[in-house]
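Number of protein chains: 2
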Amino acid sequence: MAFSERVSRLKSSLIREILAAAQRPEVMSFAGGLPAEAMLPKVEWADMPVSMGQYGMSEGEPALREALAAEARALSVPCEANQVLVVSGSQQTLDLAAKLYIDKGTEILLEAPTYLAALQIFQLFGADCITVPQEVDGPDLTQLRVRLEKHKPAFIYLIPTFQNPSAVRYSEAKRDAVAALLDEFEVTLIEDEPYRELTFDSDNATPIVSRLKRASWIYTGTVSKTLLPGLRVGFLIASADLFPHLLKLKQSADLHTNRAGQWQALQWIGTDKFQHHLSELRDFYRVRRDAFQTALEAHFSDLADWSVPQGGLFFWLKLKQPLDTRTLLNAALAADVAFMPGEPFFPEPDNNLGYVRLNFSHIDPARLDEGLKRLAAVVSHAQAAQAA
Amino acid sequence: MAFSERVSRLKSSLIREILAAAQRPEVMSFAGGLPAEAMLPKVEWADMPVSMGQYGMSEGEPALREALAAEARALSVPCEANQVLVVSGSQQTLDLAAKLYIDKGTEILLEAPTYLAALQIFQLFGADCITVPQEVDGPDLTQLRVRLEKHKPAFIYLIPTFQNPSAVRYSEAKRDAVAALLDEFEVTLIEDEPYRELTFDSDNATPIVSRLKRASWIYTGTVSKTLLPGLRVGFLIASADLFPHLLKLKQSADLHTNRAGQWQALQWIGTDKFQHHLSELRDFYRVRRDAFQTALEAHFSDLADWSVPQGGLFFWLKLKQPLDTRTLLNAALAADVAFMPGEPFFPEPDNNLGYVRLNFSHIDPARLDEGLKRLAAVVSHAQAAQAA
Chain A
0 MAFSERVSRL
10 KSSLIREILA
20 AAQRPEVMSF
30 AGGLPAEAML
40 PKVEWADMPV
50 SMGQYGMSEG
60 EPALREALAA
70 EARALSVPCE
80 ANQVLVVSGS
90 QQTLDLAAKL
100 YIDKGTEILL
110 EAPTYLAALQ
120 IFQLFGADCI
130 TVPQEVDGPD
140 LTQLRVRLEK
150 HKPAFIYLIP
160 TFQNPSAVRY
170 SEAKRDAVAA
180 LLDEFEVTLI
190 EDEPYRELTF
200 DSDNATPIVS
210 RLKRASWIYT
220 GTVSKTLLPG
230 LRVGFLIASA
240 DLFPHLLKLK
250 QSADLHTNRA
260 GQWQALQWIG
270 TDKFQHHLSE
280 LRDFYRVRRD
290 AFQTALEAHF
300 SDLADWSVPQ
310 GGLFFWLKLK
320 QPLDTRTLLN
330 AALAADVAFM
340 PGEPFFPEPD
350 NNLGYVRLNF
360 SHIDPARLDE
370 GLKRLAAVVS
380 HAQAAQAA
Chain V
0 MAFSERVSRL
10 KSSLIREILA
20 AAQRPEVMSF
30 AGGLPAEAML
40 PKVEWADMPV
50 SMGQYGMSEG
60 EPALREALAA
70 EARALSVPCE
80 ANQVLVVSGS
90 QQTLDLAAKL
100 YIDKGTEILL
110 EAPTYLAALQ
120 IFQLFGADCI
130 TVPQEVDGPD
140 LTQLRVRLEK
150 HKPAFIYLIP
160 TFQNPSAVRY
170 SEAKRDAVAA
180 LLDEFEVTLI
190 EDEPYRELTF
200 DSDNATPIVS
210 RLKRASWIYT
220 GTVSKTLLPG
230 LRVGFLIASA
240 DLFPHLLKLK
250 QSADLHTNRA
260 GQWQALQWIG
270 TDKFQHHLSE
280 LRDFYRVRRD
290 AFQTALEAHF
300 SDLADWSVPQ
310 GGLFFWLKLK
320 QPLDTRTLLN
330 AALAADVAFM
340 PGEPFFPEPD
350 NNLGYVRLNF
360 SHIDPARLDE
370 GLKRLAAVVS
380 HAQAAQAA
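Protein chains in written order, with numbering that gives the first Met the number 0: chain A, 0 to 387; chain V, 0 to 387.
Hints listed in this document are in silico derivations from the structure and should not be mistaken for laboratory results.
Treat the hints with care, as some may be off.
Just so you know, same-sequence chains aren't split out, so a pair can sit in one copy or run between any two.
[Stated by the list, open to error] When the alpha-carbon atoms are kept at most 27 Å apart in a straight line, the in silico DSS-like pairs for lysine-lysine are as follows:
1. 372 - 319
2. 103 - 272
3. 103 - 10
4. 151 - 103
5. 149 - 319
6. 10 - 317
7. 272 - 372
8. 272 - 151
A quick note: this is a predicted structure, and the numbers were derived from the prediction, not measured.
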């Protein structure tokens, strides 16, 4: 069987296996990044035109592109509708970017930790992943400059607003500094913002792409965290030099994004109804975040350190006594608890032991305390065994 | 700007440009492969469960996978639901297959001519395209054997039922012979069948994958030609050795196919309502095919040779006096007529001049005769100029 060389880098996806295990109804899952079922809005389809059933444009629906460009401009992203490409969920942006930039051995720059599925597809295409350490307010700027001086990455991939998995939100100062560095070294920025709207305070720092003066850029977002992930509707907005290539790659990937989902997204984006829904969503998740923090304090104060996330869907815990958290999975699942080990979020997992990502949006509040109690017991037990 | 090496092979898509030009309402277009608007069925959404808005499984909806497996088994394709992967239109199957098999310089085997968008993505990934000539009842078997003896292609890509663009349907004998050859040389078959249901006679030859005994295979189809292309729902069914790799590649491409489209497809596939719709569709397209044949005979008898297609959406004309039909595009568009030059359907366009693909499903019948008359005038004029 002669597969491509690429396939040798196709990892068995740990998260797929965990999520499959978490399907059992008795499992208390902190593993995925799923919206709460209760907050999926009821949507109407009766008014969708029959013409949405026909083939559409690879670029996406014109009215949706206009609406997305208007939203982006409101965040100071300098763009027109003709720079907007509707994609089949923002995961597809990563696929298109990988195709555009990555040959085997191409250097790219990532936060450490970074989004697992981004790491997987960049590595599938053969990227050589250079990393910059994450601090509480964004990347270590000294290290970022060192990397940029030493390497010539094809792009840098950043999630500056409620990063997955670390929940870090870059400060205004770091956003400006990162933009200045990327302009200085003329490195393309891919800025991924699925969580921007899920904010629990009034801070509203604009995207880094809006601060660039010279560097090329791709800004990507989705309705998966704010409306319905099942629609598979996301978008990218790209600087004019990149857009034509991304459009052709989109066309060859799947012709165009499903039009029913695009039509539905258009019924919401930019409307008062959507603002009202987002407001309810933020209130709902803020309450869940607070309850999670209370339960964490009860069960993990002696075991881990963490910051309280100001947005997004995750807590990111650093164990006080590091161990390979992948080794905890079987014991956790045996106790009907699922979580995401932190190691796979790093290009070099074995050098970054002892982190855990916990989703707070999807767990049934009635089972939250019991779930974290059991997980804490699994950690304690393993640490005691390690110490023995 | 450092793009991937791959991007140097990203062609400007002729078909995109033609289809964009064909958007002008005054243009009579024979260019695309669009279903007739009048035959897009009215679909209901009111009963779709809210849960379809949540993230779904990368494999696709379990009930849809069961239904698709049952349909395939009825065509003698030996499969279970766990071999079915729902994809974002069958174009995505080509993307996944390219990722699975193609490195730069990987040899693959194709019909000449073959589906333009398949050729584009296989070439994008760097394939070295070996071809086998198409005859009226399928590939030249002698040449196929020669190719298989001389090369070791990663796969062969075939569209045996109403091929795009040639409209060829493989005979029973050639289906058996191709299967035997692929078993003998153990070459993986990718069989693409978007047009199977659009048949105008009672012939119903089973897929080639159902005739294989040893070779690995991927069978792919779509609801785009039978239900609604805007849903972007297709499927692949793969031999058990290939499925796990394709599933991981699907997950990294776009997580999963949109669930609204999957749910809608499930309301139709395997139902009496769908059979009734397909029957109406076949009757409708048969009438259009017949009208097209009449108009072709009136205007192209002296200019070209062709076979009457027994299914699918296209006539494939061979000009009696070959010329590069790409050079006719501007004159045709100036006369408000769009068509697809045949050359881009061959890996070596310049060695295969003088073919034209004409879509008969989408043109307004009232404009059919005028459109073909104008196109014939463009061809005649160019041939006269060439002869002069």
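Hint by hint, here is what the structure shows:
With identical chains, the CA atoms of residue 372 and residue 319 are at most 27 Å apart within one copy only, with a shortest distance of 17 Å there and 80 Å across copies. Taking the closest pair of Cα atoms, residue 103 and residue 272 never come within 27 Å of each other, the shortest separation being 46 Å inside a single copy and 50 Å across copies. When the C-alpha separation of residue 103 and residue 10 is checked against a cutoff of 27 Å, the pair qualifies both within a copy, at 16 Å, and between copies, at 21 Å. For the homomeric pair residue 151 and residue 103, the shortest alpha-carbon distances inside one copy (15 Å) and between copies (24 Å) are both at most 27 Å.
For a Cα distance limit of 27 Å, the shortest separation of residue 149 from residue 319 qualifies neither inside one copy, at 33 Å, nor across copies, at 62 Å. When the C-alpha separation of residue 10 and residue 317 is checked against a cutoff of 27 Å, the pair qualifies only within one copy, where the shortest distance is 25 Å, while the shortest distance between copies is 48 Å. Taking the shortest alpha-carbon separations for residue 272 and residue 372, neither the intra-copy value of 39 Å nor the inter-copy value of 53 Å comes in at or below 27 Å. Proximity of residue 272 and residue 151 under a CA criterion of 27 Å is satisfied in neither setting, with 45 Å inside one chain copy and 58 Å between copies.
Hints 2, 5, 7, 8, counting from the list given before, are not met by this structure.
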